[in-house]
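**Student:** Residue strings, one per chain:
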Amino acid sequence: MTTSTPKRPPARPWRLSLSDPRVAGLFWQVLVVGIAVAIVVWLWSNAVHNLSVRRISTGFAFLGREAGMPIADSWIDYTPKNTYLRAFIVGIVNTLRVAVIGIVLATVIGTLVGIARLSSNWLLARLAAVYVEVLRDLPLLLQLLFWYVLMQGLPAARQAFKPIEGVFLSNRGLILPSVPLQEANWWTILALVAGLIVLHLVRRRLIAQQMLDGRARPAWPYALGLVVVLPALVSLLMGASWSITLPELRGFNFVGGLTLAPEYFALLIALVTYTSAFIAEIVRSGIQAVPRGQSEAAKALGLKRGFVLQHIVLPQALRVIIPPMTSQYLNLTKNSSLAVAVGYQDIVSIANTTLNQTGQAIESIALIMMVFLTISLGISLFMNWYNARIALVER
Amino acid sequence: MSSVAHLPQDPLPISPRPAPRALGGHFTAWLRANLFASIPSGIMTLLLLFVLGKACIGLWQWGIANAVWVVSGNDTSACRALRGVGACWAVVPEKYRFILFGTYPFDEQWRPALAVAIFIALFAVSSRRSFWRKELFLLWAAALAMIGCLMWGGFLGLSFVTQDRWGGLPVTLILATFGLAFGFPLGILVALGRRSKLPAIRSLCVLYVELIRGVPLISLLFMASVMFPLFMPDGVNIDKLLRAQIAFILYAGAYLAEVVRGGLQAVPRGQYEAADALGLSYWEKHALIVLPQAIRHVIPPLVNTFIAFFKDTSLVLIIGIFDLLTTAKTAIVDPAWQSFSVEVYVFVGVIYFVFCFAMSRYSRSLEAQRGTN
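So the protein lines, in turn, are chains A and B. Using my numbering, read the first sequence as starting at 1 and increasing by one per residue. Using my numbering, read the second sequence as starting at 1001 and increasing by one per residue.
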């Protein structure tokens, strides 16, 4: 007798009863989606009716109209005569400006505080713990208003604090020395970035060769050539000037230098300190998650301290750190919308003014959401890529 | 045992070395170990002590030594004279009733005070492990209903107070607690939907969670305050506080859904399979077997999420609802007290801190208990 391959059981006929899981599944999906669609249609028909009663035209045509809204702190050219579209772009740039710089500073400070919490120095560890505890347990908006009030309480420009030469802190904000960037400077910076990318590729190649024959090859000559000599040459050839302009007080205000407006500065401090407290906890738990045996084993092999940190402890800690860090970066970006409370004109503040001027509530809020969803998606994609890159590769 | 007995006696027994003698007493030993273990550590300690000392002296002089504690009436000239040198704590006794209870009728303010007490009692009871039973849901329902009755009034001789006169701490607690109480069932449903095998329901839940979590809370609050009226039929006018509360519930639902989903993933597969083998229906399986385990698992992150809501309620300041932070900001609009915002913010900050710190301590103790189990 030959054994035939087992036949698949015949498909059960559909029964029109909720006890059949397939029918039940279909029923529930149709029901839930139906309810959701009905709610949306009902809300939408109400909105269309209300808008026609209030004579508000829908659509994004208003973006082409003249904004007539002054924006004090803008990195791109803008006058109130420009369109709403340009005002929105200014808002997006302002949001990104606070978010990107905030993320970098919060990461640096948070990492330092997180390491300080693990310090063997009792006083340092305690102080770091107090920093984390106090900042985490107060609402961000309260902290922001607090910093802003302190900022407004600073002396006027004439009596500004001068912690070091060329730095002024007054009720006009923080004024720093700056390097005016001409075309030649930008070319030099471009050369530096290109050099760094090439250096990265070269290092990968050197490590791949070392993997083959076990012989270490020094990377520093390449580093010297690509990161120091190349930009220096470009700078010399293009005749770039790197002179620093110090701000100085003329009349009632400062001339020259880089000005961080009080609104921007208060928002930046609040976001950075608040987020750094959370990042500190993430860094601490990440480092503690690496078993002690790992660094002890590395030391027993005779590896140097720096090497152990760079190649044994950090890669393992990063795996624990990166996912929660991503959500902190997203939080910081979303929290930057609190700018509206102190009058820093980020995207939310500009959309809010637009909404009040034109009545285009749905479009303005849709724009805010689109911008934030895009930024969130961008950060998530980047961090997921980075996370995949450093993830544990198992054989 | 016996083999040991036959071993030859050690010819030269080496007595254990004495422990190194601590230099100085117990305290000095501690100092050496924790503050001056090495030269860099010692330098760091001295540096920190210097900075800390300066900060403490400055704060002492501003906050206590030079501070003005009481003024008569609205005469703040004593405070003004010391501006920047000493704090004006007199603003706190002058304004605390407004900051805590907003524009609630002055003679009736025992009602919001009692409501706050009920909230605190509710939190205290819910934090006890022995109360984690089904009856707790009834207790929450009863307590929240009682708070509603107290705040609104309109019976038993209590005068009726409309929501637009509510303010201060009760509003903060109401927004956070009702957000949790209604957002939690919503979050459970969405979390179940996200793990469901039905593609339409799953994608609907994913869309909801990602949309809410992807945008700032402020845009949701703006939506509640300006867009919501547009979406309602004519003549339906929902109160501003209620609209903000709905926005909070939707916001809480999305975040709690993710927390609950984490708990659902932690329940072993065998539990689901065993429930299926017993012939339980989908809802029986989840209500009786899966959810009780899943939720127990995520109580510490739930508390942390609640702390975040509690802090996030302060954002209603931007749409003009009188929560604790808004009343504080409004209290210093009064010209006589205008320049003493720092003092008021410190006062409100202490209130927020006490609540959040207590909750975060509690969450940490729960985690520690779980670690030892």
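Among the hints, a few may not be true.
[As the list claims (entries may be wrong)] Here are some of the chain B residues that sit facing chain A, going by a computed Cβ distance under 8 Å:
1. N1034
2. I1043
3. M1044
4. L1048
5. I1118
6. I1120
7. A1121
8. V1125
9. V1215
10. S1219
11. F1222
12. F1231
13. G1235
14. K1311
15. S1314
16. K1329
[Unchecked claim] Calculated from the model, a selection of chain A residues having no Cβ within reach of chain B, i.e. all distances over 12 Å:
17. R54
18. S119
19. L230
Hint data in this document are derived by calculation from the structure and do not stem from the laboratory. Built from N, CA and C at the ideal position, the CB exists for glycine as well.
**Student:** Please go over all the hints and tell whether each is borne out by the structure.
**Tutor:** Results for each hint:
1. N1034: holds (4 Å)
2. I1043: Cβ of B/I1043 sits 10 Å from chain A, so the hint is violated.
3. M1044: holds (6 Å)
4. L1048: This hint holds: B/L1048 lies near chain A, its Cβ roughly 5 Å from the closest one there, short of 8 Å.
5. I1118: Violated. Min distance 23 Å.
6. I1120: violated (17 Å)
7. A1121: violated (22 Å)
8. V1125: Where the cut-off is 8 Å and the nearest Cβ of chain A is about 22 Å from B/V1125, the hint is violated.
9. V1215: Hint on B/V1215: holds, closest Cβ of chain A at ~5 Å, below 8 Å.
10. S1219: holds (5 Å)
11. F1222: holds (6 Å)
12. F1231: holds (4 Å)
13. G1235: Violated: closest Cβ of chain A sits about 11 Å from B/G1235, beyond 8 Å.
14. K1311: It holds, given that the least Cβ distance between B/K1311 and chain A is near 4 Å, below 8 Å.
15. S1314: holds (4 Å)
16. K1329: holds (7 Å)
17. R54: violated (8 Å)
18. S119: Non-interface label fails for A/S119: nearest chain B Cβ at 8 Å, not farther than 12 Å.
19. L230: holds (37 Å)
This entry does not satisfy hints 2, 5, 6, 7, 8, 13, 17, 18, going by the numbered hints stated previously.
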